[in-house]
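Asks: In order, the protein sequence lines correspond to chains A and B. Reminder that position 274 of the first sequence reads as 274 in this note's numbering, one-by-one numbering, no gaps. Reminder that position 542 of the second sequence reads as 542 in this note's numbering, one-by-one numbering, no gaps.
Treat the hints with caution; some may be incorrect.
[Said to hold, decoys possible] In silico lysine-lysine, BS3-like type, Cα no more than 30 Å apart, as pairs:
#, chain 1, residue 1, chain 2, residue 2
1, A, LYS7, A, LYS152
2, A, LYS107, B, LYS478
3, B, LYS96, A, LYS103
4, A, LYS93, B, LYS54
5, B, LYS475, A, LYS152
Because the hints were derived from the structure by calculation, they are not lab data.
Chain by chain, the residues run as shown.
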Amino acid sequence: MINNELKLKLNKKYPEFTLHTEFTVQKGELVSIIGPSGCGKSTTLQLITGLQKLDAGEIIWMGEDISQKPVHKRGFSLVFQDYALYPHMNVEKNIAYPLKLRKVKKKIRRERVKELLTLVNLQGFEKRAIEGLSGGEKQRIALARALAADPKLLLLDEPLSALDEQLRTTLRNAIKEIHEKTQISMIYVTHDQREALAISDRIIIMNNGGIEQIGKGEEIYHNPLTLFAATFIGEGNLIPLKEFGKVQDQITFSNIDSSKGTIDRTGEIGFIRPEEIRIIEDTYLPNAELFPHIILENAHILNIEYRGNAYSIKCNWRGYQLLILSNNKPKLTTVDLSIKRKSILQFKDRNRMFPSSQQASK
Amino acid sequence: MRKSNTKEKAPLYLTLLPIPAILLLLVLFILPLFSTLARAFFIDGKFSLETIQKAFTSSYTQKILWFTTYQALLSTLLSLAIGLPGAYMLSNYDIKAKKFILAVCTIPFVLPSILVVLGFVIFYGNSGFLNTLLMKIFSLEDPPLKILYSFKAIILAHAFFNFPIILNLVTTYYDNLDQRLEMSSLVNGATKGQTFRYITMPRLLPSILSSSLLVFLFCFTSFAIILVLGGGPQYTTMEVEIYRRARITLDLGGASAYALVSIGMCLIILFLYNLTTRKMILNEYNGSSIEKEKKPVSTIGKIIAYSYIVLVAIFILAPMISIIAKSFLAKSSQGNGIQFTLRWYKELFGFKSATGLMVGAFPAIRNSLIIALIVALLSVPLSIMVAIGAKRQNSLSSSLIELLGMLPLAISSVIIGLGYYLIAAKIKGTGFTFVVLAHLIIALPLVLRSVTPELRKLPQSLSQSAQTLGASPFKAFKTVEIPLLKNALISGAIFAFAMSMGEINATITLASSHLVTLPIVMYRLIGSYNYNGACALGTILIMVCGVVFIVSEHTKRIDV
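Same shape as in the complex, but just chain A (with noise of 0.2 Å):
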């Protein structure tokens, strides 16, 4: 039994970076690939297709390396960021493109241009000259376009990134949904981390031709293996960790190990996401906190933000903005803040370190 339907080792030298990614895609899965622009994404598209050659490495597809197959004998479809569209064809000619490529009758193809428009909810759109139609109506019927010829492997580069906050939404949602109801494995290029988050069962991030992490959404946020993915995904606080030693380390209750927690003083960096840190403006109250924890004192808020679900608040301690997202506006301008060493994700290298403490995988 083939569980990884497609493996992937690509390599590839181009003259601004090598790209060099492997990573598996199962049956039936949404796999996001994510990060910033020049990063090798949309690239890592174009080389599973066939449209750029590989340097070196290997595409197997059910166990066969097809590698060397020509781009349309792959059976991959590839939707574009720009839809590629004819221009000289209407909607349905579009759609029955590939299908006249297989030489399908022009009963059948009617019928299945027909199930695709209801599909991606455009029906009746047949006859409608290409040009005349919406941002949103053009990836609908691209969308609708890769899957009439039925692919094995349907992959999308960026294909929201040219339209608006709220179709983008719509349309993601769509793509989910088609993803149910077809079962097609899909790898979904965009630098959205909200999209990314929003459609896929794993999610890949890039940078610079390379992988920094793999894995489920939830585990990338709370578990980032890099600092560059605890950055990209999600919002998220700096401190070098020498700044740790000048606190003093906190501990409620005995009876919890004091050793959880531990912070490494060799590594360079801590991040901290701002849901973690919480305001203590009563110094005098005993802290609530049931976890080994550290106290910054005399922290400085700048600037408060209502965000509708809680209170984004930015403050200066000892020279570093900190970001903290918190349930209650703080009354008072100098504050303590309080966070459970363990929230505090240590980094060296830009490499996550695991602190005997510290467990690796949640």
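With chain A fixed as given, assemble chain B onto it according to the hints.
Replies: Relative to chain A, chain B alone:
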């Protein structure tokens, strides 16, 4: 990521496809050039600089070179004088007739020079329409305007041909200048005149210079106009001299030496042209112009604007209308009156027994049609192959194609004709083939100018998506890219057809006297003062150009 896509090596078919086309083009171009130059450097098979030295140092050459430069300079100045006010007007005022003016100004682009010559003779000639009209109005005995077969006629005809270039290029550039600079100048307290002088003019200058150099180049290598309108040895230019030496005095070495001088001069002009064009690009050219809603304010301004439009329309259209009119006219049998007749067309198509040169008119039309058809048909696949090479930027073929686009500016069609004439004489080939080849090489840059930008506009993703959907690269090219290029290819082929129909420079230099084409018969008819017959042929040529004009208006490609 997108950047890296272009760095990717193209599929093999893209690499191989342009090679035969480029090779063919180089052969077509270099062969005649080489044979010309070889002739200039060798006497009886021995290398010698004597011919060159003679050509460069003789006072006769210097006289011709001086005249060529002088007439080109005056023609350019006159073109500027007519074109610049128009450019100023069109760019500054929201004139309803703007489209009309720009459309009329594209007419000279598609007109063969022999038609312009004929139109000038018919309209401005001593017994032409304009003089006849003036004589009638003012009851004069003698024609008041005696410009034909004189220096004035040459300059005027050149201006006719070239002021639209200046008008077009400067207007386009002017329209795209950032108007906010002018506004801020006005806000800062400058008058309109000061703003124009200190803010607009300096930025406009490169475009004026560059279009002037282009016009200068065209006038420098002008042939048919000087051949007919110059009329005497005192008005001979380099190109006419090349033709005269090659075909009349049979001094082939001399002709080749002159060709060398001409190419040298053209390269210098071209170098200057490139210099100014680069300056144009370096300038701000951000296209963020603000809508102009201005109209000529004063009555005088209005009168000036509209009389300019009317005069330009007359200047361009009258000679052409005269040709059509004259083709239906003949001296009446009673005496000195003029009457409507189809005689010239009947003679042309053999319904009536023709005399003199009109006998050859019908075969000439047939020849021209056949040649033009072959040229048009060959130019399409050739341009597709070359354009694919050009699409891949930073590649060898791409730069070769850029070069190819410029070469016809440096090597005039007379010189191409001369080159093929020398080859034809050596291998005793049929003139017909060489005429086709010469026309092909002259037409190809035109076709490429129509096809290459369209191909470059096509996003790579179209072909790529077709491939991911299961089309082989060739199939993707056939079903996606070719259909999208269809319009450009058709209009390119029509341009090639029309160019070939009206081509006289290379044809007359190269073809044996047995091979006649439509323009050559026209030339001979003009020479023997059978203007009506020439006009009947001219009308046919005008119709062909009319089709091209409509096509070019339709596809809106008015770039030079």
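Asks: Against this structure, judge whether each hint is valid.
Replies: Against the structure, the hints:
A C-alpha spacing of about 14 Å is found between LYS7/A and LYS152/A, which places the hinted pair at or below 30 Å, so the restraint holds. Taking the CA atoms of LYS107/A and LYS478/B, the gap is near 24 Å; set against the 30 Å cutoff, the hint holds. This hinted pair does not check out: LYS96/B and LYS103/A have alpha carbons roughly 53 Å apart, beyond 30 Å. Simply put, LYS93/A and LYS54/B have alpha-carbon atoms about 69 Å apart, too far for the 30 Å limit, and the pair is violated.
Annotation: proposed proximity of LYS475/B to LYS152/A holds, straight-line Cα distance about 21 Å (limit 30 Å).
Figure legend: structure checked against the earlier numbered hints; hints not met, in rising order: 3 and 4.
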